[in-house]
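Residue numbers (the UniProt record's numbering), protein chains in the order written: chain A, 1 to 653; chain B, 1 to 653; chain C, 1 to 653.
Rather than coming from a laboratory, the hints here were simulated on the basis of the structure.
For each residue, glycine too, the CB sits at the ideal point set by N, CA and C.
Incorrect hints may have been included.
Label-pair ranges, simulated between beta-carbon atoms [claimed, not checked]:
#, chain 1, residue 1, chain 2, residue 2, range
1, B, Ala582, C, Leu374, 33 to 41 Å
2, B, Pro523, C, Glu643, 24 to 32 Å
3, A, Pro601, C, Val527, 30 to 38 Å
4, B, Asp424, C, Pro330, 23 to 31 Å
5, C, Glu548, A, Ala600, 43 to 51 Å
6, B, Pro523, A, Asp604, 33 to 41 Å
7, A, Ser531, B, Thr623, 24 to 32 Å
8, B, Gly47, A, Arg96, 36 to 44 Å
9, B, Ser13, A, Ala165, 23 to 31 Å
Examples of chain C residues lying across from chain A (beta carbon under 10 Å, computed) [stated by the list, open to error]:
#, residue
10, Asp94
11, Gly179
12, Ile193
13, Ser206
14, Gln421
15, Ala422
16, Arg517
17, Asp519
So the chains spell out like this:
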Amino acid sequence: MRLGVCYYPEHWSSDMWSDDAARMKALGIERVRIGEFAWSRIEPEPGVYQWAWLDQAIDVLGSAGLKVVMCTPTATPPKWLIDQHPDILAVGADGRPRAFGSRRHYDFSSPSYFEASRRICEAVARRYGSHPAVAFWQTDNEYGCHHTVVSYSPAAAKRFRGWLAKRYGTIDALNNAWGTVFWSMEYRSFDEIDPPVATVTEAHPSHRLDYRRFASDELVRFNRMQTDILREHSPGRPVAHNFMQLFTEFDHYKVAADLDIAAWDSYPLGALEEQWFAPDIKARYLRTGHPDFASFNHDVYRGMSKQPFWVMEQQPGPVNWAQWNPAPLPGMVRLWSWEAFAHGAGCVSYFRWRQAPFAQEQMHAGLNTPDNRLDLGGEEAARVAEEIRAVVSADGEPKVRAKVALVYDYEAKWLFEIHPQAADFHYPRFAFEYYSALRSLGLDVDVIPADASFDGYSMIVVPPLPVVPDDFGARLGASGAQVVFGPRTGSKTRDLRIPANLPPGALADVLPLRVWRVDSMRPNVTVPVTSDSAALKGESRHWRDLLEVPANMDVLARFDDGHPAFVRHGALHYCASLFDDALTQRIFARVAAAAHLDAAPLADTIRVSQRGALKYVFNYGDTAYTIDNVRADAFVIGSSSVEPQGVAVYRAA
Amino acid sequence: MRLGVCYYPEHWSSDMWSDDAARMKALGIERVRIGEFAWSRIEPEPGVYQWAWLDQAIDVLGSAGLKVVMCTPTATPPKWLIDQHPDILAVGADGRPRAFGSRRHYDFSSPSYFEASRRICEAVARRYGSHPAVAFWQTDNEYGCHHTVVSYSPAAAKRFRGWLAKRYGTIDALNNAWGTVFWSMEYRSFDEIDPPVATVTEAHPSHRLDYRRFASDELVRFNRMQTDILREHSPGRPVAHNFMQLFTEFDHYKVAADLDIAAWDSYPLGALEEQWFAPDIKARYLRTGHPDFASFNHDVYRGMSKQPFWVMEQQPGPVNWAQWNPAPLPGMVRLWSWEAFAHGAGCVSYFRWRQAPFAQEQMHAGLNTPDNRLDLGGEEAARVAEEIRAVVSADGEPKVRAKVALVYDYEAKWLFEIHPQAADFHYPRFAFEYYSALRSLGLDVDVIPADASFDGYSMIVVPPLPVVPDDFGARLGASGAQVVFGPRTGSKTRDLRIPANLPPGALADVLPLRVWRVDSMRPNVTVPVTSDSAALKGESRHWRDLLEVPANMDVLARFDDGHPAFVRHGALHYCASLFDDALTQRIFARVAAAAHLDAAPLADTIRVSQRGALKYVFNYGDTAYTIDNVRADAFVIGSSSVEPQGVAVYRAA
Amino acid sequence: MRLGVCYYPEHWSSDMWSDDAARMKALGIERVRIGEFAWSRIEPEPGVYQWAWLDQAIDVLGSAGLKVVMCTPTATPPKWLIDQHPDILAVGADGRPRAFGSRRHYDFSSPSYFEASRRICEAVARRYGSHPAVAFWQTDNEYGCHHTVVSYSPAAAKRFRGWLAKRYGTIDALNNAWGTVFWSMEYRSFDEIDPPVATVTEAHPSHRLDYRRFASDELVRFNRMQTDILREHSPGRPVAHNFMQLFTEFDHYKVAADLDIAAWDSYPLGALEEQWFAPDIKARYLRTGHPDFASFNHDVYRGMSKQPFWVMEQQPGPVNWAQWNPAPLPGMVRLWSWEAFAHGAGCVSYFRWRQAPFAQEQMHAGLNTPDNRLDLGGEEAARVAEEIRAVVSADGEPKVRAKVALVYDYEAKWLFEIHPQAADFHYPRFAFEYYSALRSLGLDVDVIPADASFDGYSMIVVPPLPVVPDDFGARLGASGAQVVFGPRTGSKTRDLRIPANLPPGALADVLPLRVWRVDSMRPNVTVPVTSDSAALKGESRHWRDLLEVPANMDVLARFDDGHPAFVRHGALHYCASLFDDALTQRIFARVAAAAHLDAAPLADTIRVSQRGALKYVFNYGDTAYTIDNVRADAFVIGSSSVEPQGVAVYRAA
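Bound-form chain A, shown alone (with noise of 0.2 Å):
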């Protein structure tokens, strides 16, 4: 459990350097995280590198007795790149090549940019490989960020036809494959496909879906040059790279699986303003953020990383880039960092040290302000730094081992998003609201991928999961897990077809259903949820699926016109639906009982995480909350009165 920073000396008279790196020290910061937007300053001109500025600053830091965390700086190449070469500029859907002025105004497909990239990434590799300083890498930053991986460029349409070739190998097993006779779209060889864009109505849904493979897999392939340079030129020190939950047009399992470290980047409140919760939602939780929000991106970090994953930025005050964006409440800085560490995190760090005042960020806050005093922030990252030792002291760093698993793939949001049948079918959100009523009922989560191992859990949640792995249903029936399954799951081939025996495919093997027909509903449209039992009882949304079950089938509850909503073969369970959240929450917890965990509903602003010994509090709420039964001597931070944004850490029984 470490702090860091995020710091750029370049932005900087050199003169503040050496206070600077004494206050980070004294706040108890020990990682910086620099340079991921310096390559117009390390290379001013091209084949001209400068180095000196970049040398007095990682040694200042360094003698302070900081650990560097030294990043290649290919998110934003300058200005003289791109006039080099224009080809390295991506292509929207519009067909404009998407200009210089701001970030990541590049083509993971151009050969131009890929070749720069790779020189760029050797000088700094070569430079700083062996600096004692420098203890990790960062390779380029946040991919994805302002929908960056899919390019319409000529470059990415050739090395698309490339990649088909390889995937079908003959024009015929495509044509097979996405069944391009519908529609007469039938090619005689990979030459004459084009990427799937300006189309009059939608293009082919199985060619948009690989061509989001494809730019996944493009991305892929750059950072995996970066990787193999850094470990080539820096052996042994951790590799990283910051994802972002928001920014999901990529595999982050595909990328995670070349690194050492996954890291995320953590902005609650700009996430609860821009992603998917309605107004309300995000009234209510305005300067807290959701309390279930970073909690899960730790968990899904946390299962894609080598070594325990980090926060590699960590929203310090209000932000710039949300709409709106509001000062989150005193004590949520705080709050937000313990609750990393209660996730497994290994290192917090924030962006950034210090609020710049100039371009496009100048909003942002940091530790400090831009007249260098200390914020708020800052000082709760002060206290953080003291609580740590208490904390460690305590337990030192054991790993999280949860017993519920939660499904999580990315294939299944584009898949959804090109093929919705219901224009309201956002993937994420379900994910996440499956994993929040698991959490509202006190559980601890893993996420994990549709191929991960499913040993030692006891319960499994499969959100809607489009595409299964051929051995799903037998590794989930041999798991002895009691299983969830979300509507739609099963519901495509891997070629985005339906299967030949219907939904849910290849899981009908042990779950022997077959969903005859679908149902998509308006937002304002909701179908009732009957059962003899009360708990099942609700409101199902968004979607039904209508299921034939076979007699020896439990339908635990029905939709008002008879057909089955919730339905139970041995340990596995299908909803047919999504459900209104508290009725998603009652099933949960009856799987849960039927698993033997123990889960209760949680106030709804209280969460709760075990890491080893210890349990953790979480107060998002506004007013104090009293944890019973725990001895006073068994605090290691806060008491049993948990004020509003307050931690409390316990050992557990």
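Mind docking chains B and C on chain A? Use the hints.
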């Protein structure tokens, strides 16, 4: 009264064809539409035709006793043709060609495509023009779908100039007609005129209206090329096109004039979701469709069809293309089928035989599920097939004859779209609301163009018709019918100018009004309507014509600021506004009474129709409806108690 | 106090001109504006001028005793000119040239157009510069209409680089000022800088603000070219331009500095519909306009006009260009006219003499209907003409002198648009709301720029003004006035950076605050404001500055979390938020009382103004209003009972 189905032999293994044909026949299906998207299979390489599979498919269908509706495949030119002639692609208002990869990716003005279409039509027509199983033809598919009528290509610009030269003769005539002196928009020659697009603010409305007329005429010309070829090579076989109400960017009357059968594609649930209806209406009729929507279109296409109109595609279950795609209630497929016949349909053809498991429309239901089991829609179709025999034996297949006519116009829609003066002045909506008011009174309605004969009608309703034919007033006056005009009737000349005598322009000869001012009202504003007659009180919405009326005109209702709201001059009635639904219904009831028609309000989910000696009753609601005063032995289908989603047919007294 | 009218002789047969002129004169009209869209008639072919018709038109008007306002016709270059020089067309943010076919289709930076404009202006100015009937000039027409200030053309890009070079001298100075080191956006030369458009995410805000300044300066230069020509060829005739409040993409002060008369075009109903007002406000003032909207603009343009300002175009009835276009209530055309005079107008000129029956604006009312009968607006104009005599004879035409000033700025609008930090931070709205609060207290207001003299004002209100002149605080302090600042005042430097001492930057010298954090709030969030004074309780909306205040500063109200909401330091008051309307009114009443001004809340539909010795009362409501304590013989117009839409003018005691 026949049933048909849309079938895609190219989507399935030829092994399945015989069984499919046999099962169609057994179900009661008699016509099978094929081939409209099969170009890439008919001509997989340039100039290389592969007839064998299609020969076989047609033979299989014919051998089973089915009659084939053969289509020209021009809605989906294959990729190789686009690559040969990129100018085939239409150009959007954004200046970009609309790419290959879905359908309707062609420009009606492209000379390359006109020639390529002629070639493939001739090839198909020669091959099957005299095949014994081929009994009908369909040209292309759903002209206008996906906003594909208007193109801004160089080819269209060039042909537009020729169209203008033909219409106006001299550039001075055009300048005078349009009034280009306004804003210095004068042209010195036709060559100076571009398509009206990408202008700084709105382009000249007369220019825009002529461009829309031109685009519609281009489509008419394209279709006529096809009907000429089909009539040459397949004499005696009726030629149809499958229109869709939603696609009103061209003049359906002009296309229908070149056809034998005006068919349309009826998707009551998709249409409800995608059209102007308010969210509460969309929720209320979620699984039935609006009670008047399909009927309105039956009456539209009956009016323009030389032979009995067809429903070429009938929704058989949930579809895929609306924002939300609910499942119809059980019984609705049957109800919709009977409603079509009640309105005079010659054939109801379901789309499609079997749901395809691939490509864009894989979520579109068929009569059979993708795993080839008979779906609910298939069961209901079988029931309809049986019931047809009873109905035909009771009364044959008489023509529908209505006493009430509603005047419906396509240019009116374009004109109000181009030049609305009130952002939500939506012509099809207002025409539909007038139609719906008539239907809610139990009246059968013919939908006719403004230049139709008015003989035999007792009552004629004219929704807002901006441009009236010169002799419109005289013919209406001579008809002897009671007439109701909506506001803005006669408000424009053919060149989209204000008439010299102000609105209602030429109509003032018979209806001596002067609309001296207009008043457009935002959606949250209404104006009360007052009258000595309680039945004529209500609310005015959207729009007001402020009328100067002669002393001898009856002012039957006034707005609360004293301006006339509803006036009568002999048999001619003028509504100076769009009234609330209930007031519109009461006004129409009053006029119907003056026309000696039997009109009485129905429950809002009950609709009735008469065809020949039989009366049809449809229940769109959720409670049973009782038909009074009909003897039990008069019923041909059903009984005096009509269940929800039920149909009854009885001999009218 | 004169009446005028806009007239288009080229739209009508020359047979009608004499009658038109005679009827204008008889109605009481004295000025006639002509020619602003007549280029295609003046120069129908390149270099071929046709003066005869225009000579005749001017002669007819002059002979009738009317004075002509002659316009330069540069708002509508003809098609032949565009075809000769396609680079005249401005380029949109989408990269496409904006096509011919409406108006304002030109780029202020196009060298071709600058020269063509110079040529036509000289031709017109030479021809009519000394014509006895031509008494005034208007340059172009409604600069900025349809978002035509900013262009992204190559010509604009080239001139922008020159503009930057002039502003910054060296590229290093620019890099430092903007802070381009952020995100590696550093430039090596001015030639590398492109317009800030089409970037992946937001372009650099300083870059964007400079581009807006540049675009405004280009317009100023274009207008100055015209005023120079007019003054050379028509010395002694005042030169005007007709601004519109809605078009704030350029600095109206800078253009006005080159004019003699700042005129504006007043469309109270269209503006209400198209601006920020909430739907219920739009419905409430549907047929009157907002009681403060026209007044605000009268005061804006009075402040920048060397001679008495004009209303060059006054709405005479319904217009055509808003989404909905309601008819004004009878009496409103008169009320609006008198309101303009009450605020100091020298002339109110109606748009237009007669409604045109063709082209884009055919639904725009005139003083006469298209069939040439006097319309309601014409009748009201005649009444105003008569009343003017009584008013002028009672008091002459004195200047308006206000004790209250409101500081209004154009760059502020651009800056907050570019860099809002809160999506709905709409500068003109907030400035208007401050103005409205002052007016609701019966106060007359001067609207002035930030660099104006503050002499003679008792109270100065500063809506959120991000960039303050260096001497702003000192001058305000020296003025002796009571001052109220809105939030975010002084929050940015001229280069769009955060001031080194944090906001309020330079103002802190006189107002020693420190805004250490800001808090932006979504529309469904408010924060209570508490105070010991009941009058200072209310709600905070949109935004909060969190203030650090010295001990000697009065904190008059606080937010409910304790932060200061409203503070006073001597005569300087600072609002840390935007308050609800009622609280703003009470704050301004309190400050007005401190300034010894007579301020009391009016009914919300009553407004009063003083010009010289006369007091004007306007009733926007729907019930009569009684003026107390004024003797009957003091009334010059009306009486103490002011009917709805009524006007009263009386000698102030």
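The hints, checked one at a time:
1. Take Ala582 of chain B and Leu374 of chain C: their Cβ atoms lie about 39 Å apart, and the range 33 to 41 Å holds.
2. At about 30 Å, the CB distance of Pro523 of chain B to Glu643 of chain C agrees with the hint of 24 to 32 Å.
3. For the pair Pro601 of chain A and Val527 of chain C, the supplied restraint of 30 to 38 Å holds, since their beta-carbon distance comes to about 31 Å.
4. Separation of Asp424 of chain B from Pro330 of chain C is about 26 Å and conforms to the stated range, judged on CB atoms against 23 to 31 Å.
5. Distance hint for Glu548 of chain C and Ala600 of chain A: a CB-CB separation of about 45 Å, consistent with the stated range 43 to 51 Å.
6. Distance hint check: the CB atoms of Pro523 of chain B and Asp604 of chain A are about 37 Å apart, consistent with the given range 33 to 41 Å.
7. Between Ser531 of chain A and Thr623 of chain B the C-beta distance comes to about 26 Å, which sits within the given range of 24 to 32 Å.
8. Taking 36 to 44 Å as the suggested C-beta distance range, the pair Gly47 of chain B and Arg96 of chain A conforms, at roughly 37 Å.
9. Checked against the given bound of 23 to 31 Å, the beta carbons of Ser13 of chain B and Ala165 of chain A, roughly 26 Å apart, stay inside it.
10. Hint on Asp94 of chain C holds. Least Cβ distance to chain A is approximately 8 Å, under the 10 Å limit.
11. About 3 Å separates the beta-carbon of Gly179 of chain C from the nearest beta-carbon of chain A, less than 10 Å, and the hint is met.
12. Because the beta carbon of Ile193 of chain C sits about 9 Å from the nearest beta carbon in chain A, less than 10 Å, this interface hint is met.
13. For Ser206 of chain C, the interface hint holds, since its Cβ comes within 10 Å of a Cβ in chain A; the closest pair sits about 7 Å apart.
14. For the restraint placing Gln421 of chain C at the interface with chain A, the shortest Cβ-Cβ distance is roughly 5 Å, inside the 10 Å limit, so the hint holds.
15. The closest approach between the C-beta of Ala422 of chain C and any C-beta of chain A is roughly 5 Å, which is under the 10 Å cut-off, so the hint is satisfied.
16. The interface hint given for Arg517 of chain C is met, as the beta carbon of that residue sits about 6 Å from the closest beta carbon of chain A, less than 10 Å.
17. Given hint, Asp519 of chain C at the interface with chain A, holds; its Cβ is 4 Å from that chain's nearest Cβ, closer than 10 Å.
Violation of the numbered hints given earlier is absent; every hint is satisfied by the structure.
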